[in-house]
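Once you have looked at the hints, place chain E on chain W.
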Amino acid sequence: QQQVKQSPQSLIVQKGGIPIINCAYENTAFDYFPWYQQFPGKGPALLIAIRPDVSEKKEGRFTISFNKSAKQFSLHIMDSQPGDSATYFCAASTQGGSEKLVFGKGTKLTVNP
Amino acid sequence: DSGVTQTPKHLITATGQRVTLRCSPRSGDLSVYWYQQSLDQGLQFLIQYYNGEERAKGNILERFSAQQFPDLHSELNLSSLELGDSALYFCASSVDPGQGNTIYFGEGSWLTVV
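As you go down the protein sequences, you meet chains W and E in turn. Note that my numbering gives residue 56 to position 56 of the first sequence, counting from 1, and the numbers run on in steps of one. Heads up, my numbering is the position in the second sequence plus 113, with the first residue counted as 1.
For reference, chain W alone in the conformation it holds in the complex (with noise of 0.2 Å):
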């Protein structure tokens, strides 16, 4: 059982554009909702975070959108760069931090120049 769906698998952009990537959970004990990044031949990194009594959290370029009764949530990339093409992963735990993470499958995110 897929515990958080993320969409789509894969998002081709141009440079300055606006990917989304969405995901949904059905465990409504999640507590904390990080996203995490990964190039090529790398470990996946963590992007941003966020916990359920926020609505929304930015970090330079990247914003986290929560909506918590509709159990969904989803990462914008603001003016997306080439640098930004990698896999995006979103996360759920339990926890309230990082123990026993459960991820989306990926979304392989390309911006061309």
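No lab work stands behind these hints: they were computed from the structure. Check each hint, because a few of them may be wrong.
Pairs of lysine-lysine, BS3-like flavour, derived with a Cα cap of 25 Å [unchecked claim]: (1) W:Lys58 with W:Lys15; (2) E:Lys170 with W:Lys105; (3) W:Lys108 with E:Lys122; (4) W:Lys100 with E:Lys122; (5) W:Lys15 with W:Lys71; (6) W:Lys57 with W:Lys68; (7) E:Lys170 with W:Lys100; (8) W:Lys71 with W:Lys5; (9) E:Lys122 with W:Lys42; (10) W:Lys5 with E:Lys170; (11) W:Lys105 with W:Lys42; (12) W:Lys42 with W:Lys71; (13) W:Lys58 with W:Lys71; (14) W:Lys42 with W:Lys108; (15) W:Lys105 with E:Lys122; (16) W:Lys15 with W:Lys42.
Just chain E, lined up with the frame of chain W:
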């Protein structure tokens, strides 16, 4: 560089064999996590250790085992290997399992079972 070191980077072995993957956490981190990444299953949490003790267990097969040593490095042992065990195995570490603590992933160990 996350500061988490994993060895070996690549490993090819035959079915039925046993391998050991090694992880050195970031300096000062007490908690170690193991994840498996495969095309069909994605990133799956296997097991977590904190200061030498097992802290949490995920989808880890009975053929797999792990431990964290007094110097805080960890090993993941995979035995009776099957073709389906071919995957990228990540180790990650954090200061402790508490709220707000970021986990840092290593670059992974590629395991190919032939």
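Hints, verified against the model:
1. W:Lys58 with W:Lys15: 20 Å, holds
2. E:Lys170 with W:Lys105: 20 Å, holds
3. W:Lys108 with E:Lys122: Answer holds: W:Lys108 to E:Lys122 is near 23 Å, not above 25 Å.
4. W:Lys100 with E:Lys122: 24 Å, holds
5. W:Lys15 with W:Lys71: Violated, at roughly 30 Å.
6. W:Lys57 with W:Lys68: 14 Å, holds
7. E:Lys170 with W:Lys100: Holds. E:Lys170 to W:Lys100 sits at ~8 Å (cutoff 25 Å).
8. W:Lys71 with W:Lys5: 11 Å, holds
9. E:Lys122 with W:Lys42: Given pair E:Lys122, W:Lys42 holds - Cα atoms ~11 Å apart, limit 25 Å.
10. W:Lys5 with E:Lys170: Answer holds: W:Lys5 to E:Lys170 is near 22 Å, not above 25 Å.
11. W:Lys105 with W:Lys42: 16 Å, holds
12. W:Lys42 with W:Lys71: 30 Å, violated
13. W:Lys58 with W:Lys71: Given that 25 Å is the threshold and the Cα spacing comes to 19 Å, the pair holds.
14. W:Lys42 with W:Lys108: 14 Å, holds
15. W:Lys105 with E:Lys122: Given pair W:Lys105, E:Lys122 holds - Cα atoms ~23 Å apart, limit 25 Å.
16. W:Lys15 with W:Lys42: 23 Å, holds
Against the hints set out earlier in the document, violations occur for numbers 5 and 12.
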